[in-house]
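Enquirer: Below, each chain spelled out in residue letters.
2 protein chains.
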Amino acid sequence: MRSSSTLAVAALAATTLSAALADEGMWTINAFPAEAVEKAYGFRPDQIWLDRVHLSSLRLARGCSGSFVSPKGLVQTNHHCASACIEQLSSTKEDFITLGFYAKEAKDEVKCPDIEVNQLIAITDVTTLIQKATAGKDGQAFAAALKAEIAMIANECSGNDVNIRCDVVSLYQGGLYHLYKYRRYQDVRLVFAPEKSIAFFGGDPANFEFPRYNLDVSYLRVYVNGDPLDTRSTYFRYAKADVQPGDLTFTSGHPGSTNRLDTVAQLEFRRDVTLPRYIFAQSELRAILTVFSTKGPEEARIANEMLFRVENSLKARKGQFSALVDPAIIRRRAETERKLREAVAADPQLQAQYGAAWDIIKNVLDGYRSERDRHVFTEGGEGFRSKLFQIAQVLVRRASERTKPDRERLKEYTDASFPTLRQSIASAAPIYSELEKLTLTFSLTKLREALGPDDAFVMKVLGRKSPVELATELVDETKLADRSLRIRLLEGDKAQIDASADAMIMFARMIDADLRAVRKNYENNVEAPLTKFSGQIAAVTFRLLGESTYPDGTFTLRISYGTVKGYRQDAPITQFSGVFKRATGTEPFKLPDSWIAARASLDPRQSFNFTTTNDIVGGNSGSPVVNRAGEVVGLIFDGNVWSLGGAFGYDQATNRAIAINVGAMREALSTVYEADRLVDELKE
Amino acid sequence: MRSSSTLAVAALAATTLSAALADEGMWTINAFPAEAVEKAYGFRPDQIWLDRVHLSSLRLARGCSGSFVSPKGLVQTNHHCASACIEQLSSTKEDFITLGFYAKEAKDEVKCPDIEVNQLIAITDVTTLIQKATAGKDGQAFAAALKAEIAMIANECSGNDVNIRCDVVSLYQGGLYHLYKYRRYQDVRLVFAPEKSIAFFGGDPANFEFPRYNLDVSYLRVYVNGDPLDTRSTYFRYAKADVQPGDLTFTSGHPGSTNRLDTVAQLEFRRDVTLPRYIFAQSELRAILTVFSTKGPEEARIANEMLFRVENSLKARKGQFSALVDPAIIRRRAETERKLREAVAADPQLQAQYGAAWDIIKNVLDGYRSERDRHVFTEGGEGFRSKLFQIAQVLVRRASERTKPDRERLKEYTDASFPTLRQSIASAAPIYSELEKLTLTFSLTKLREALGPDDAFVMKVLGRKSPVELATELVDETKLADRSLRIRLLEGDKAQIDASADAMIMFARMIDADLRAVRKNYENNVEAPLTKFSGQIAAVTFRLLGESTYPDGTFTLRISYGTVKGYRQDAPITQFSGVFKRATGTEPFKLPDSWIAARASLDPRQSFNFTTTNDIVGGNSGSPVVNRAGEVVGLIFDGNVWSLGGAFGYDQATNRAIAINVGAMREALSTVYEADRLVDELKE
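Chains S and E supply the protein sequences, listed in that same order. Here the numbering used here is used: the first residue of the first sequence is 1, the next is one more, and so on. Here the numbering used here is used: the first residue of the second sequence is 1, the next is one more, and so on.
Just so you know, the hints here were simulated from the structure itself, not pulled from any lab data. Treat the hints with care, since some could be wrong.
[What the hints assert, rightly or not] Covered stretches of chain S (in silico footprint by chain E; criterion: 3 or more residues with CB under 8 Å from a CB of chain E, positions within the stretch not fixed):
| no. | segment |
| --- | --- |
| 1 | 195-208 |
| 2 | 282-289 |
| 3 | 450-462 |
| 4 | 580-588 |
Backbone N, C-alpha and C fix where the C-beta goes; we use that ideal spot for every residue, glycine too.
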């Protein structure tokens, strides 16, 4: 028995998870394979190198990466990571998306309404605590115990300090639980942003493609108590020299979410249900926003950010879908899974403890197929796309959740989560009622389509109204666009919310019990068993193969290594000359005036963008590219279309990260924008 | 050897194609299983019954079914089958889509610009001719021989008579070829149509659902030489009594296209490529048209027909996609295929002759995956959605094709196809330039998205223009909206087209060679091998199992049988009372004034819509439901959501056709619309 199991394990180890291949891997900062890097590239990052990368790297809490690049709290990230802020600070009179933004003096730096920056300060393994709390539990009991334990750990960690953020992160699909402790910064100000037309040159058509010519950079600054944060000990210097083909490159950032350890059933569910249905709905939303944008410059301005987000995620999901319908990926996964299950089956004890996990996961997903739309369109929010509705929902729920003990609350309403919640409610970002009506009408229509016009919940929501009538009425008759009112209501008590006659609050109140019921059903009957049995698969994988690989992306800090390298016939580095050649004079290939004016002064052979083999995915946007010396040589802003399949696996032949060369940023700042204050700061 | 083969065949026969189950089947009129019907229902349709059904049934050439229902050429079909005509006859002043239409006197009947009605008069087996012409050929040679033989057969059949239409139909994926000879009617006039709000009550949200309350009927009349066609010998009488649960029902109509005999590789290609990509693109188009429609009543009017078509096909394809991602269907097909291949492999001679077919089909499709978008967005037309472009393309191609021998032409330019071509060019249907610009801009954008902004063909098409600039310019600078000009150009020669300076003709000319190259590649390397090897699979299936089943849908006349029956908990028949209960006063659940006014005079218990087990798919719209006596008891207008999976298989437990009860049509005509002339005619 034992020997056949060993054999099976050997076969398994030879083909699978046991070791990442070549440049593959989004490694945690505390388990970086320095030896592998040394073996491949003759350079071994030491602890000092790793610590600097760790503390200089940042997370933008709404879904991007960044880094400190000066001693005075200056943050480098992508333009598209700050574009919500840039849009929120704009107005009909001054459109910084179109014109760009530059704070000539320190006093001109303006606070971003919604940006939160997180700096990781500690990681603690809490696996044993979680395992103890959930041992022997299933379904609702499992979900409740897990939630309570996580809330307790996070609460204790932050100690009610709003400047500390603590997240319990499930690594390896629940195989390990780590506590990530961050310093939280909510006073983040805009310093510089180029015009969108050069930041996103080529627009959606060029997105995820290469050759590229994008200056997708922006600079922010972290303030504390009204002063720039002192980051003398924790920042990346800008390198003097540009990268060259073959250079060793590191990225540090926050890959959002990958599914490289998912079971075949999970991948098939994604291929057959999650991805296509998401793409169906988003495709329509994209078109609605596109048409809205063509109504006039003001409409284009206010829809810009949402349209970018929708198009970007649409193209990303289409790439993931394409990757998954290529039968090779699922076939390979099936082979891996078969071998792992054989190894488990060869040991009666393992089989008894873990053998059922794969079938249970499949059964849970089979059951969820018919429930998915109800979940996604109700509690998932796809049926109620409106900031005003979201605000109303938060107010209604916060009022009710705060009356409960912390460990029993919905997880986004714990005390530890309150700073994030408060920032969203107190945000000074404008709310555009035309856009609100547009997206709410659309999403109510999709809710009706998904559940059917005769569904009881749909009839409760719409009554005898059409989606456009209901959306118009709710948006027109709510006062929640008033920021001070929202803050008052957030700080008020349940009686105040219960008594409110605000149309949107009344609506959110009316459907809240229905939405909670859907959520509860999902948490107990889908999420809980998936977490539990994915954790079992991870645990048995560790037992058989050790922890020699990296966990799936979890929007936590990861380091990757790779080299500057092209794919197919393309050279890995573009030059300034290319952007002038590719420009057509019409959107989205239209250059801003600033670049046309500066053309003669720019070195046409200046490196612009480059591709590397670094293993990155969405969430890595804004990651610095770092050389052996620990200096910034570039800024990640995209991956190529093949990198989208990176959600399911890494293929060194085609998967590429796309970055801006450091020299291009410097040259643009000095020659095109004459941003001398910034150029000087970046020399420090 | 022999005995194992026999065993395998027996196993095969037990599970598969050999016999349709229960009410399954869209049977050809010349191979109707009268015996099976008698066995199941105690009624055996005789040849007289079949002949009457055959000759009274009609095809609407652009994709619907219909039937003669009076001695004077009166045609019953769906409202949604005539809605293009209803819209084309409307204007800003008189919108018959909204108001309905009734020709009080014979002289008020108005000609539909684009409708062609076909009456089947003969079927001839031409399999041997085709097989002889293509024997031993592959790729380009196969495609050329097949095209030439089909053109010759069709030409000889029609004898240059524009009133005769001859189509060579490939049945069983090329297992058989039948020549279908039709009488062609192009003078078809609108007699009656109700308001869209009752014809399509519940709109897209209710489409493919049940319970339903739709009066989706319209009446047309066929004219010949200015007089109504004499159809005394070939029409269906309206039954006096409504259907009741359990009644035996027949439908005769033209199921458009099914894939019940496709290989697993073909189904997977459909699941992974064809269906999702179609839905992605159509979802955006739907949203674009939806927003356009909300601009005002005139925009709503001119986009109505296209929006309906897009939404209808979108919902249908989504249903097909849902059916295919349910693993049961492909698993069953794989099982059937495995058994068939085992039976073939067990006989060395069969194996040598047919054994490779499945793998070749798979390889062809694997190769086509990366070519599919180029094909669909160029020659397939998805990149050039514009009536004016289509007209220009027809003119350019016709001018060039007519200089070649008939058998060498593109198939839609043979002499036999000319009447259809001419009708499309000479159509008096209005062309709306705003809508043209909208859809052309959209499709050019999608072309760029599909092939990439740096693709050579995309750059040739767009040059330095954006999609909206190019579309606007082409639509503004073409004169092809002028009908008489188009007719002149169609009748002119190649020199005239070559010399034309019309913007759209110049554009069509510029890209024609590129489009033809893509088409040729597709025909030779995809279509030809698929046709050839699907034909081989069909042939070997016949050899092993006989021709005991029905062929996939081919938009040719088929008869189905079934019974009035509900599914799940729903009763199979709705009543007039239901529509008043379900009406909300807002679109799409808003009743027209005529119904609200007539409410008191209507019997609330009058049967309205009903469901049956008849096996129908898209193309059957407008099919009469016929009882044992050969009388019309209903009119098919839809199927339920489960019937959409009917593309791949029939499941009697859930698959239902949806029809209007004959009494509801009669009651509405007399009581709501007081259409006495029509009511009297339907009594004849």
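Enquirer: Evaluate each hint against the coordinates.
Expert: The hints, checked one at a time:
no.	hint	in the structure
1	195-208	holds (count 4)
2	282-289	holds (count 6)
3	450-462	holds (count 3)
4	580-588	holds (count 4)
In this structure, none of the earlier numbered hints is contradicted; all agree with it.
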